[in-house]
Each structure stands twice: as C-alpha cells, then as structure tokens.
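Those protein sequence lines, which keep their order, are chains A and B.
Residues 1 to 250 (our numbering) make up the first sequence, in order.
Residues 1 to 501 (our numbering) make up the second sequence, in order.
What the hints contain is simulated information worked out from the structure, not anything from laboratory work.
Wrong hints could be hidden among the right ones.
[As the list claims (entries may be wrong)] Using 20 Å as the maximum straight-line C-alpha spacing, the simulated SDA-like pairs for lysine to any residue come out as follows:
| id | chain 1 | residue 1 | chain 2 | residue 2 |
| --- | --- | --- | --- | --- |
| 1 | B | LYS335 | A | ILE72 |
| 2 | B | LYS441 | B | LEU376 |
| 3 | B | LYS335 | A | ASN81 |
[As the list claims (entries may be wrong)] Selected chain A positions facing chain B (in silico; Cβ < 8 Å):
| id | residue |
| --- | --- |
| 4 | ASN57 |
| 5 | ASN81 |
| 6 | ARG84 |
| 7 | MET89 |
| 8 | SER93 |
| 9 | ASN99 |
| 10 | ILE134 |
| 11 | ALA138 |
| 12 | TYR141 |
| 13 | MET161 |
Note that this is a predicted model, so its numbers are computed, not measured.
Glycine is no exception: its CB is placed at the ideal position from the N, C-alpha and C atoms.
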Amino acid sequence: MAETPIILVQNVSKHFRTPRGVVHALRNVSLEVYPREVITIIGPSGSGKSTLLRCINRLETFDSGAIIVDGIALDTAANINRVRAEVGMVFQSFNLFPNYTALENICLAQRVVRKRSRKEAIEIARALLAKVGIPEKADAYPGQLSGGQQQRVAIARALAMQPKIMLFDEPTSALDPEMIKEVLDVMLQLAAEGMTMLVVSHEMGFARAAASRAIFMDQGEIVEQGDPQTLFTAPQSERMKIFLSKIIKH
Amino acid sequence: MRLARLPWWAIIIVAGLAIVFYSFFTSPLYRRALIFVTDDPRLTTTRFANVIYDVRTDEGGIRRVEGVFVGQRGDILNVETSRQVTIRVPRADIAALSCEPPASEGDCPVDATITLLRAQISGFLIFEDMGRFRIVTDDGERQEVRKFDVIIDAVQRTPENCPPSPEARCRVVLPLNPEREANQLSGTVLEANADDFLIELAPEVIVPVRQSDIVAVVRYTPAECALNNLVGCDSGIFLTLFVAVIAFALAVVIGLVAGLMRISDNPILYNAATVYVEVLRGVPLLVTLLFVNFALYVWLRDEFPKIAPTLQLIIAALALIVALSQAWSKRALLKSEPSSFWQPIVAAAIMGTTLVAVTGLFAANSDLPPLSRGILGLAICYGAYLAELFRAGIQSIGRGQMEAARSLGMSYLQAMRYIILPQAFRVVLPPLGNEFIAMLKDTALLTVIALPEMTQRARIFAADTFRVFEPYITIGALYLCMTLLLSVLVRAAERRLALPR
Ligand SMILES: Nc1ncnc2c1ncn2[C@@H]1O[C@H](COP(=O)(O)OP(=O)(O)O)[C@@H](O)[C@H]1O
Ligand SMILES: [Mg+2]
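Chain A on its own, in the form it takes in the complex:
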C-alpha cells in the first residue's frame, strides 16, 4: 500500500505508576495503519492492548514517542477533541448512557459536538439503528436492552459522529454466546464498507473473515504481525505458540 498511514504510532512507551510499583504497559510500540485496513489485536490479558487503543484517542497519555491520527498530532487539548471526533470507540462494557434512550444516546454527541440540528441528528440516529438491526428499540433505555443490543447501540452511537477510524476494545467478551454473532455481523458489514478498524478481539472467525492483518501483543510489545491465517496457523514466536495453545486448549 502506497498510501499515507491514517494512524501512525511511533516508538510509544507508557508506564502506569501504581501503589504497587510501576507497570510498563507499552514498550516502544510502533504501528502504521492504512485507510480501510481492518486489524485485529490479540494477546494475553494485561499485554497492553487496551492501553494502545486508549492512547490512540488519548483516553490515556503516553510517556514518549508520537501518535499521529489523520495527520493530526496528539498534543493540545483542541487537537485531542478533534481527533476524538474522528475516532469512534466501542468498549467492552458498552458504556451506554443509562439516563438516555437508545435514540438519545446516538443523538447527544451529534448535537453537542457536531452541532447538528435536532431533526438531522434524529434522522441519522434512526438510520443507524436500522443499520445495526434494532430500529424498534429507539425509545428503549439501555437497562431495557440485552447486551448484544446495547453493544449495537454503542456502535451506532460511535458511527453517528461519522468517524474515519473505529476502535473496538473486546466488543464481544462481555456478551452471552448467542449475542456475539449479532454484534460481529454489524462489524463485518462495517469492514465490508471500508471502515478503518482496530479490533481487540479473540474471535478467530471474525479475524479470518474480515481482518487484513493480525497483531500479537505480549508484555507491552508487538511480538508478531501478519496475515491472520498464517499468524494463527503457523506462528513464528514461542510466546505466540504458548498463547495459542492456551486459548485453543479449553
């Protein structure tokens, strides 16, 4: 790919200072993501996957290195808000706003951040609810929705900002098995439409079907990356082999 990368992560390091000591969460991570790429990130718990995603939209600060998103460096407060509006994020625990209905959840940031009119925001929200397959749940509160429905509303909420990049942090790991598919279907559709996506997930099926690249992280480092099929079937590194044996064994 000869294009310029839409996300450029250069030698980023990150420490957490906790009462129990310093955790080195990211060690010199470098990554280039090109437009329309779908990347899945796998790795053991605590390997820094979430931290990497959260650094990309600056929910976390980092100690050294640089992250450039869509040509915007992450430094001043104004830039950070601009980047955040370009980057949608979907969380493991949905994080819908419980005091608003599904429709209002999708409208709120459009009105407050994008300054869209009420009518326009509602139109967009209804279209997105139809797209994620739950148009009839517009007036339901998050507490009245199943996990899978909540996560789909959360995806719609992020999409309403018309982001160029979507970050997914374990979007299906808090879901009951029968709901995983409905969320993955929405994500597959997004990938097919050409959205740039960074997905932390251990759903091998999704990775094989949609991902153009898979990344294995361990102890804050990117250990191995490549085509998902080859990475999962013929891992090079010892750490990846151990990890794969663990997740397949159970």
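Assemble the complex: chain A is given as a structure, and chain B with the ligands must be docked to it using the hints.
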C-alpha cells in the same frame, strides 16, 4: 397474627399527632403555644405595613406621615397614625373619677371624657418576675402590671401564697399605689355598664394621603404577620422554613463546588477542598455556629474590611498570572484556533473581576445581621456534608461513562453537564432530601444565637408561662409533620426518577 403485621409504627405516630392537633382546638394553652411558635398568622388583617411618607402639603411645604398603611381606595392611601387602645375597668376597682361634661356622682355617660384613679386590679396570676405581674383579668384580657405601681405588701393571693399558674389556679388582687401616675387613666367612655366602663384611651387616627403628593417613601416594612400578609411573618415556623431553604440552597452551591474540587486532579483545588470538608465535618455543628456567630462575625466586621484591598490585589494579580501563562502556553493557537486561545484568558479575566467585586462588596457589607450569620453558619457546615455527598455521587458513576463521552469528542465540562451530573443527581437526590430534612431539624440549634425561630419561640413561651410540656410538644409535632411530609416527597421523587429497566 394479622394484627402483628399492621404498620403499627405509622398508626402510633399518626395517632400521637392527631392527639396534639386535637389539643390545638380544645386546649387554650396548646392553642396559645401553637400561635406563639408559628408567629400568629391570624385569619385576616387590615394592617399591612409600617410606613413613613414625606407628603407635600397644600401650602407647598412637606410633612412627615408615620404610621401603619391600612389600605388604599383609589388614589388615597390610608395611614393609621395612632392606634385605638381600649381598656375595660370594673367599677369596683375605681377609687375616684371625674367626668367631662360633669355627670351624676360616680358615673359618666357614653362619649364623655373620663378621668379616673384605679385602686386595684384583680384576676388570675399567670406569670411573675422581678419587675412585673402578668395577669388575666376576669374578662379574659392579659395585662402586665409593673410591681413599681403596686403596693406590694398588700397583694392578696388565693390560695394563700400561691405561685403564678397559667392554668388560672392563683387568684390575686393587686392594690395600686394612688401616687403613681400610671394608675390614673383618662379617655372617652365607649360603654358604661352596670359593673364596668369600657374606655378608649387614645382615639384612632387615620390620615388620608394622596398618592401623587408623596414626595418620598422613607420606610415601608411589612407589619403584622397574617395569612393575607405573609411577608410580615418573620419569626417562628416561617423563619425556620426560610432559614432552612436559603441555607440549603447556599449549601448546595458550596457543596457542588467543593465536591468537584475534591475529585479534581489539580492538587491545590483538591487539598483546599479536603481541608474544608474534613475540618467542618469533624467539628460539631453547634461549635461552628457559635464560632461563625460570635468569632468570625466580629473578625469579618472589624478586620476583613482592612485586609480586603490587599486581598483584591492578590486575586487580581493571580488572575493576571493565570491569563498570561495561558496565553503563553497557547500562543501557537492564536492563528489557527483563536477561540481556543481566547477562551481561557477571557475565563480568567471574568473570574478575577467577579472575585474582586465580590470581595469588595463583602467588605462593604461585612456587618452581618444575626439572620445572615445563622444562615452562613448552617450553609458552610452543610456545604461540607454535601460536598462528600456530591463527590460520592459523581464517583459512583463509572469511569466508563466519562470515557465514552470523551471518546465521542465531548469536553470535560460537556461530559459533566450532559452525562455525569444528571446521573449523579439521580443517585444523590434521596440522600440530598435527607440532608434537607436534617438541616430543617438543625435550624433548632440557631436558638443559641437567639434567632426567633420555632425552637427559640417555644423556649420564650416556656420561660414566660412556666409551662414546658405544651410548647415543646407543639414544636415537636410541627417538626415531625414537616419532616414526615418531606420524606414522603423525597420517596415519591425517587420513584419517579428511577430509570426503566
Ligand atoms: N489505569 C491503570 N492504572 C494502573 N495500571 C493499569 C491501568 N490500566 C492498565 N494498567 C496496567 O497496564 C497493563 C496493560 O493493561 P491493558 O492495556 O488493559 O491490557 P489488556 O487490555 O491487554 O488486557 C496491565 O498490567 C494493567 O494492569
Ligand atoms: Mg483490555
């Protein structure tokens, strides 16, 4: 079995209240206590306000009219400059009288002017102290008699040596000293009955004032407390409610600011708020009230105006430093994003100016009346309690909510306003209601600074009448009614605010 399951606690409370309220209708003492502690909102009044008007006269001069504004008809305001005072004197109590125009010996017809010397006053003694007797005469009037005017050695009590009793158990005859001028009365006879005279001591004078003639309103203060003139009600239950509402509103503002400072990353804000909260939560409310009322008040009055100019200077300098440092760190944005450049500087300027102005205003008016001192004391205490409540409420909203809002591009303040605070409000509303109930009860402590709220009025009543059960049971029932009503309201609001799930 089934009997045990009835809500006996509610039945007992309601029955108790019912007994107290029944007493308000049947027992004169309870009714008097009720009227005294609630500041007597009688059913109607024609008296509206104490006024002083400067009025233009026909000769072109200006005269001052001072009195009670009692009503308006068209352009004419009626001001009662002197109030009618009547007194009923039994003929048996009169030593000597003269009449103008003269009448038959020992009598005086209606409308004549009477001058009489009172020999004695009799009735039931309800109160007595060093300087005065308070008695209820046989026709039910309350009268105060100075001991000075009485021949003390000749006072007769039945039964012998009985103490004062509000329940009319001690009958007295007070022989009056004929040499004291106070025992000489004169006025117009309104009624001349077989056994008493009704005498008007001073006639009522109502001065009509043309509204267009009023040059200046020198004073206009609401006068009596009445149901159609509630602005005049400024003590008793009205003061209790007023203090509770104002102090709580102030405490909510203080608590919200302090609570947000407690979760701030800025170490100065965090530590300042924590000191405030920990100190005020650790000191008894009563001690804080005494401190504010007696110590802080004197300092504010005598010392604060002296240091205020220095303080204003420091605040102004700080605001300038903040604005300059913001400008310096954001200078790169001046061209690309002028709004982000100017916003913090304008904010610093506005904050600085406001603080300087508030300081100046406060220095100029730092001689606080007792009411303000009481409200201030309660507000700064409850501000600390509410700060903890708000902090806990905000922190009970998971981090994920803030992160989700920020990830959508909202600023910290937008996220607070649209996402965090509305949710925190739902969480804190029930405890906030309980804090209000607690504050309503704690206004009773203001009795130590002699604010005439309900408890203070009850204490005065008890001291005046030597009756302790009636006033305290009365205010207890009133406090209980208010708090029960409020907790029902809080529970209803809580249920309405619950999110559907
Ligand atoms: N807010 C935090 N404070 C302290 N340590 C953290 C925090 N967030 C993550 N960490 C630590 O950083 C490391 C990487 O965490 P994370 O990125 O969440 O891992 P992953 O998502 O791959 O499971 C872990 O050791 C974790 O304990
Ligand atoms: Mg994680």
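Given the hint that LYS335/B pairs with ASN81/A, test it: the Cα-Cα distance must not exceed 20 Å.
Satisfied, since the Cα-Cα distance of roughly 18 Å is no more than 20 Å.
Does the alpha-carbon distance linking LYS335/B and ILE72/A stay inside the 20 Å limit?
holds, 17 Å
Restraint outcome when ASN99/A is required to lie within 8 Å of chain B by C-beta distance
holds, 5 Å
If you take the shortest Cβ to Cβ gap from ILE134/A to chain B, is it below 8 Å?
It is violated, given that the least Cβ distance between ILE134/A and chain B is near 17 Å, above 8 Å.
Satisfaction of the MET89/A interface hint, Cβ to chain B closer than 8 Å
Hint on MET89/A: holds, closest Cβ of chain B at ~4 Å, below 8 Å.
Per-residue hint verdict: MET161/A, partner chain B, C-beta under 8 Å:
holds, 6 Å
A closest beta-carbon separation below 8 Å is what the hint needs, so does ALA138/A meet it against chain B?
violated, 14 Å
Do the numbers back the hint for SER93/A, that is, is its least Cβ distance to chain B under 8 Å?
Holds. Min distance 6 Å.
Holds or violated: the hint that ARG84/A contacts chain B, with Cβ atoms closer than 8 Å.
The hint holds - ARG84/A has a Cβ within 8 Å of chain B, the shortest such distance being about 4 Å.
Measuring from the C-beta of ASN57/A to each C-beta in chain B, is the shortest one below 8 Å?
holds, 6 Å
Evaluation of the interface hint that places TYR141/A against chain B, nearest CB under 8 Å:
Where the cut-off is 8 Å and the nearest Cβ of chain B is about 5 Å from TYR141/A, the hint holds.
Between the alpha carbons of LYS441/B and LEU376/B, is the straight-line distance 20 Å or under?
Holds, because 16 Å separates the two Cα atoms, which is no more than 20 Å.
Violated hints, listed in ascending order, are 10 and 11; each of the other numbered hints is respected by the structure.
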